[in-house]
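Based on the sequences and whatever the hints tell you, model everything.
Residue numbers (our numbering), protein chains in the order written: chain A, 31 to 655; chain B, 884 to 1048; chain C, 17 to 503.
Hints listed in this document are in silico derivations from the structure and should not be mistaken for laboratory results. Treat the hints with caution; some may be incorrect.
Restricting the straight-line Cα-Cα distance to at most 30 Å, the calculated cross-link-like pairs of lysine-lysine (BS3-like) are [said to hold, decoys possible]:
| id | chain 1 | residue 1 | chain 2 | residue 2 |
| --- | --- | --- | --- | --- |
| 1 | A | K195 | A | K330 |
| 2 | C | K469 | A | K66 |
| 3 | A | K616 | C | K469 |
| 4 | A | K195 | A | K66 |
| 5 | A | K394 | A | K468 |
| 6 | C | K121 | C | K469 |
| 7 | A | K553 | A | K394 |
| 8 | C | K174 | B | K911 |
| 9 | A | K330 | A | K553 |
Pairwise CB distance ranges (calculated) [to be verified]:
| id | chain 1 | residue 1 | chain 2 | residue 2 | range |
| --- | --- | --- | --- | --- | --- |
| 10 | C | Q425 | A | A241 | 48 to 54 Å |
| 11 | C | H461 | A | K478 | 35 to 41 Å |
| 12 | A | V180 | C | I440 | 52 to 58 Å |
A few chain C residues facing chain B, derived, Cβ under 10 Å [stated by the list, open to error]:
| id | residue |
| --- | --- |
| 13 | I23 |
| 14 | L26 |
| 15 | W71 |
| 16 | G74 |
| 17 | K121 |
| 18 | K126 |
| 19 | N129 |
| 20 | G143 |
| 21 | F156 |
| 22 | A163 |
| 23 | V166 |
| 24 | H172 |
| 25 | L184 |
| 26 | F355 |
| 27 | W424 |
| 28 | G470 |
From the three backbone atoms N, C-alpha and C, an ideal C-beta is built for every residue, glycine too.
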Amino acid sequence: MSGLSSMITSGNGAGLIWIMIIIPVILAFLTLIIPKTAYIGRAIALLVGVIFNFIAAIAVFSTQEITMLLPWANFEMNLAFRIYNFSGFIVLAISVFALLIAIYSVAFMRNKNESGQVFFFYLLTVALANGAVLANNFVIMLFFWEALLVTLFGFLIINQKKNVKTAVKALVLSGTADLLLMLGIALTVYQAGTLSMDAIVDLPISGIGVAGYICLMLGAIGKAGSMPFHSWIPDAANDAPLPFMPLLPGSMEKLLGIYLLVRVSYNFYNLQPETGVSIAVMTIGAVTIILAVAMALIQKDMKRLLAYHAISQVGYMILGIGTALPVGLIGGLYHMINNALYKSCLFLTAGSIEHRTGTTDLRKIGGLAKVMPVTAVCFIIAALSIAGVPPFNGFFSKELIFDAALESGWIFYAAALLGAFMTAASFLKMGHAAFFGKENAPADAVKKESPPAMQLPMIILAAGCIIFGVCNFIPVKLIFQPMFADIVGSHNFAGWPHSATLVLISCIVLLIAVLNHIYGVKKTGQGLGAVDHIHYAPVLHSIYNGAEKRYFDPYEWLMIVVKIYAYISFGIDRAINWIYDVLLVKIVSFVSARLRMANNGSPARYMVWSFSGVAFIVVLFIALM
Amino acid sequence: MQQFFIVLCLVLMVLAGGAAVMFRSMLKSSISLAVASALLAAVLFLMGAYWASIFELSVCSGLITVVFVSAVSLTNTDRCSEVRVREHKARVAVLPAILIFAGAALLFILFNSDFNIVASATPASFSAFKEALWSLRQADILGQIIVILAGTFAVIVLFKERDNI
Amino acid sequence: MITFATISFLGLPLLAILLLNIVRKETGGTISINIGFVVSIIQMIAAVVCLSLLWLHGKDFIEFSLFWDMNATLGSARFSVDLFSLVVLFCIGMVSLASLLTAKKTIGAKALNYTNLLMVIMLGMNGIAVVTDLFSLYVFLEITGIASFVMIALLHDKRGLEGAFKYLVMSAIASALILGSLALIFTQTGSLVYGDVANALADWRNAQYAPLLVVAFVAFIAGFSIKAGIAPFHGWLPDAYQSAPASVSVLLGGIVTKMAGVYAIIRVLNSVFVSMPMINQTLLILGLISIVFGAVAACGQRDFKRILAYSSISQIGYIIIGIASGSLLGFVGAMLHFFNHATFKTTLFVNSAAVEAQTGTTDIDQLGGLQARMPVTAVSSILAFLSMAGIPPLAGFWSKLLIIIAVWQSASVAGGAIALAASIFTAAYFLILQRKVFFGPLEDHLTEITEAKGTISLAAVLLSIVTVAFGVLFPVILNFLHLQGIL
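Written as structure tokens, this is what we have:
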């Protein structure tokens, strides 16, 4: 009774929070129940869920600020949620991508056995992500955050009933990140003395705070898929059902991870420019950019290539946010939303090709621009965006990050430029190989454009790339700058980049990428081989070889450590095991067999027991008196 | 005098209880249990707890034991497993210990106690007692009715329905 | 409203008995079971209604009588319901419903007799829950006892009669002990009404108790220990549970022994023998013996129902140590464990009934791999066992936790540690049972087995939902306890 009466809500519409979490969950279970033959029912459940979520998210975004507190258990573990402009925006962004990808998935998953499971995890993921973003209590946030791990695992085992290697890999890597997050939360809560997230403000990053910040930061970027928690993503690209890639690594995980990173760096802790921690974060970002994009460069499969880019682009965001400069923060956030737009668009185009040709292997396809014009146009727009060509959205956010990086140290700027070069080169290669050149497709391919339900999301996303580029004042000036008004101050980062020099350098880099492409194509005679001269360059060749054999995969290193540890433990375990497994069991089974014999069904014997029981009580009484 | 009877009944009760443990046959041991509880009823009566004694007599030693003993004898389930024979000797060894212990406990109590009801609760006259009995005991009367009901069902189940013996 | 609700606890089963015996015997089977459903559901509703009324009016208890004026000059018998008895009344309704659901598919031609006896047993148990007088408590105890003897022997087979007879013999000893103890208490305190006895005993508080009173306490503990099946007074319990018909085992294991023994002990310790360290200490030790003994003995059993019977002995031990800790927290823990035990043990007995109905045996050596054939039964039994072993977040975890904390706080660290360690054995016999019955390869002769029929599975599902829901919502209760300053 008192539990309910002390529910504290300020502002109207706290019910929105429940709608956003509970309705998708209910519909998720509905999709599981609906039989496979009633595919339309499953599809409607999914669409209703995401549309509801979208409407609720708009309502959330347009409300001012709501905090909701429902005491749930002791020790301050309250069901607390908070809507404010930042969390509201992230929820809205999640709902937009969820809606678009859901429309696409409904068309893509038709006639596939696993549609029920995919839709189930889809809706569950949306609900959990909403909960994780809106939570205002670390325990509650951790609950949703960890539960996302379960849906991640679920998505990955759908296609892999027998071999669950990728799923386990994802679970271990993301689980490690989540463990760090948990540790970080523990340290932060210890330092702040409260579990309530909005009560933790600007802790200093010193002493225990350093450990707390680093753990939280690693947890956040681990969710976003940065190095060294990245290596499951390319594997998942091959193994997971298609909607997974645009939904999770493509958009939602970036949104969640960067959301938390920003909150950690600018709310809970007070990240200062040119401190050791800031440089550490930027280094992680820079290394992620270069290594992941270098791997992307040589991939021969569209989905795998895009997966490496998904990792590489996180590097830019981390680099921007890690500078702790206002321009870097706005650039990082702007890049986050841009990346979600063009990356999910790219994954959708890859899915569209897979839908018609049955493969995304660049060696087997080519010249598809004629048969799939819409897909090709959407791909080109998204590719130009990610390569950072003006006036598409990627250009503007990258320029902001370049600005921040240059201010923090030329080496970071150089790394970012190198990344930009390789990004452009790899997309030139992929676009050329897939859509132009000689027409090529597997024998069983259906040579026509994908259905309208798949085209529509791609078109919307591609249009988003243009709008957010040309009208960049919408995200920058109207959304992000007011959110962080106290940090940004009177700066205005919208519009054409301030520094003409930087724009010039970027354009030169793009030009070099084009020249490099032309050189490569001339040399090998095909689009796919455009970067072979880099791939097979003397030193790089052996490094690439090692990378392809997973010598540099942190997961493999971890597994070696685990194996050694396991061998040592095994010996100790055997010894202890003997005590438990043999000795103890023998004793218990001996005693208990005696007891079984003793209870032989004779009432007289039971009477004797009872009388001795009485005697025992008397003895106890005498002893206690 | 009353004290003497109480002691006598208690001693007999212990003996009957011992016999219940000793007997090999379920039938005999249940009959000696009935005797033991009848003796308990007598003790209760002597101590002034009249309604308790009546209840004990009617329910424990009366209704239930009779019904069950008849059921047992009728269905010939008296022969318990052979284990009981082997066990008999073991029981003979336990019995003296119990008897000695019970006897010691009884003696200890008897020399140290006073069996009279505390004055305040003793009704002044029989009529007052009767009044107190019926005005305080409605719940037990209800209970008695249900006990009789249960007894009826016991008879129905155990005797009337002989279909699947 | 309140009058209806309270009177329904005793009036409704009586009315039902009348109704049952009006219907013609040939057609009476299904009708009688349906009447039983109505009675047990109304009882659950009435318990909830009373609970909310109690809450709304902020009262501790509601007093009522049946057909006499309870405010007569000389004082007269009165019934009373408080939080604990209402929880218990709800459990009675719930377990009776589960038993009826099981009976519907298994009892066959005995439906009318079964329902008649069920009504009597409900009367007896409801009576135990609402009386305020030690002698009335005893009377209703006897009613419960008689009805359960007859129910065990309901099928009129040799095994049932033997089981019933053992229960009868041990119960007779228990009755003698309890009645003797009551007589002694009466001679020493001059009353048997809970409050009066408690007041009279309070006067003794600082003096030595009279030797006769001490004898009364010993007899009292021993008598109720037999009724509750606490080790070493437990002998009859496995035999009675095993030999009873499936639906009767559900009832016996789920609630009857708990009402006759455990509830009575808790009630008396809470309102009569208030804070008497001697009795608390004795019960604590007996409870611990029971916990360890029951769990160890369960590991060696070869019969589904016998394992459950021994696990009941062990779980009853937990409830007893909870109340014996003497703190309010311990009482709350005991009450909640009472409820949880009623839920999960009933689930398990329903599962055993399902297995028995489908395969014809409860011998675990002859079973195996039933999970594939009887998924509902397998899953609900796993949930129930996990709850019993105290795995969070299921209901059993929380109540066990409260009990162990309470015992720990009552300066009996060793007791808490033993109770905690015995949980391992709970897990052990759980695994033995699950492996032999539900997991592993399907035995050849079991390939034709199907899931239990409708109502049995329904009962298992409903009870599993209660277990899970109660466990998940428990933090709300915990929070409430915290606000009340209990935790």
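Hint by hint, here is what the structure shows:
1. Distance check on the hinted pair: A/K195 and A/K330 sit about 22 Å apart at the alpha-carbon level, within 30 Å; holds.
2. Distance hint between C/K469 and A/K66 is fulfilled; the C-alpha atoms sit about 27 Å from each other, no more than 30 Å.
3. The hinted pair formed by A/K616 and C/K469 fails the criterion: a straight-line CA distance of about 40 Å is larger than 30 Å.
4. Between the alpha carbons of A/K195 and A/K66 the distance comes to roughly 27 Å, so the proposed pair stays at or under 30 Å and holds.
5. A distance of roughly 11 Å separates the Cα atoms of A/K394 and A/K468; the hinted pair therefore holds under the 30 Å criterion.
6. Distance check on the hinted pair: C/K121 and C/K469 sit about 7 Å apart at the alpha-carbon level, within 30 Å; holds.
7. Only pairs whose Cα atoms come within 30 Å are accepted, and A/K553 paired with A/K394 is accepted, the gap being roughly 20 Å.
8. At roughly 18 Å between alpha-carbon atoms, C/K174 and B/K911 fall within 30 Å of each other, so this suggested pair holds.
9. In summary, the hint linking A/K330 to A/K553 is supported, as the alpha carbons are separated by about 18 Å, within the 30 Å threshold.
10. Between C/Q425 and A/A241 the C-beta distance comes to about 35 Å, which lies outside the given range of 48 to 54 Å.
11. C/H461 and A/K478 have their C-beta atoms about 58 Å apart, which leaves the hinted 35 to 41 Å range violated.
12. Between A/V180 and C/I440 the beta carbon distance is about 28 Å. The supplied range of 52 to 58 Å is therefore violated.
13. The beta carbon of C/I23 is not positioned within 10 Å of any beta carbon in chain B (closest approach about 12 Å), and the interface hint is therefore violated.
14. For C/L26, the interface hint holds, the least distance from its beta-carbon to any beta-carbon of chain B being 7 Å, beneath 10 Å.
15. Because the smallest distance between the Cβ of C/W71 and any Cβ of chain B comes to about 27 Å, over 10 Å, the interface hint for this residue is violated.
16. For C/G74, the interface hint is violated, the least distance from its beta-carbon to any beta-carbon of chain B being 27 Å, above 10 Å.
17. Here the hint on C/K121 is broken, as its CB sits about 18 Å from the closest CB of chain B, past 10 Å.
18. At about 8 Å, the closest approach between the beta carbon of C/K126 and any beta carbon in chain B falls short of 10 Å, and the interface hint on this residue holds.
19. The interface hint given for C/N129 is met, as the beta carbon of that residue sits about 5 Å from the closest beta carbon of chain B, less than 10 Å.
20. The beta carbon of C/G143 comes within 7 Å of a beta carbon in chain B, closer than 10 Å, and the hint placing it at the interface holds.
21. With a least beta-carbon distance of about 6 Å to chain B, the hint placing C/F156 at the interface is held under the 10 Å criterion.
22. Given hint, C/A163 at the interface with chain B, holds; its Cβ is 5 Å from that chain's nearest Cβ, closer than 10 Å.
23. Residue-level restraint check for C/V166 holds (minimum Cβ-Cβ distance to chain B is 4 Å; threshold 10 Å).
24. At a threshold of 10 Å, the smallest CB-CB gap from C/H172 to chain B is about 6 Å, leaving the interface hint in force.
25. At its closest, the beta carbon of C/L184 sits 5 Å from a beta carbon of chain B; the interface hint therefore holds under the 10 Å criterion.
26. Interface hint status for C/F355: violated, as the beta-carbon distance to the closest one in chain B is roughly 26 Å, over 10 Å.
27. Given hint, C/W424 at the interface with chain B, is violated; its Cβ is 35 Å from that chain's nearest Cβ, farther than 10 Å.
28. Restraint check, C/G470 versus chain B: the minimum CB separation of about 25 Å is more than 10 Å; hint violated.
In terms of the numbered hints stated before, the structure departs from hints 3, 10, 11, 12, 13, 15, 16, 17, 26, 27 and 28, listed from lowest to highest.
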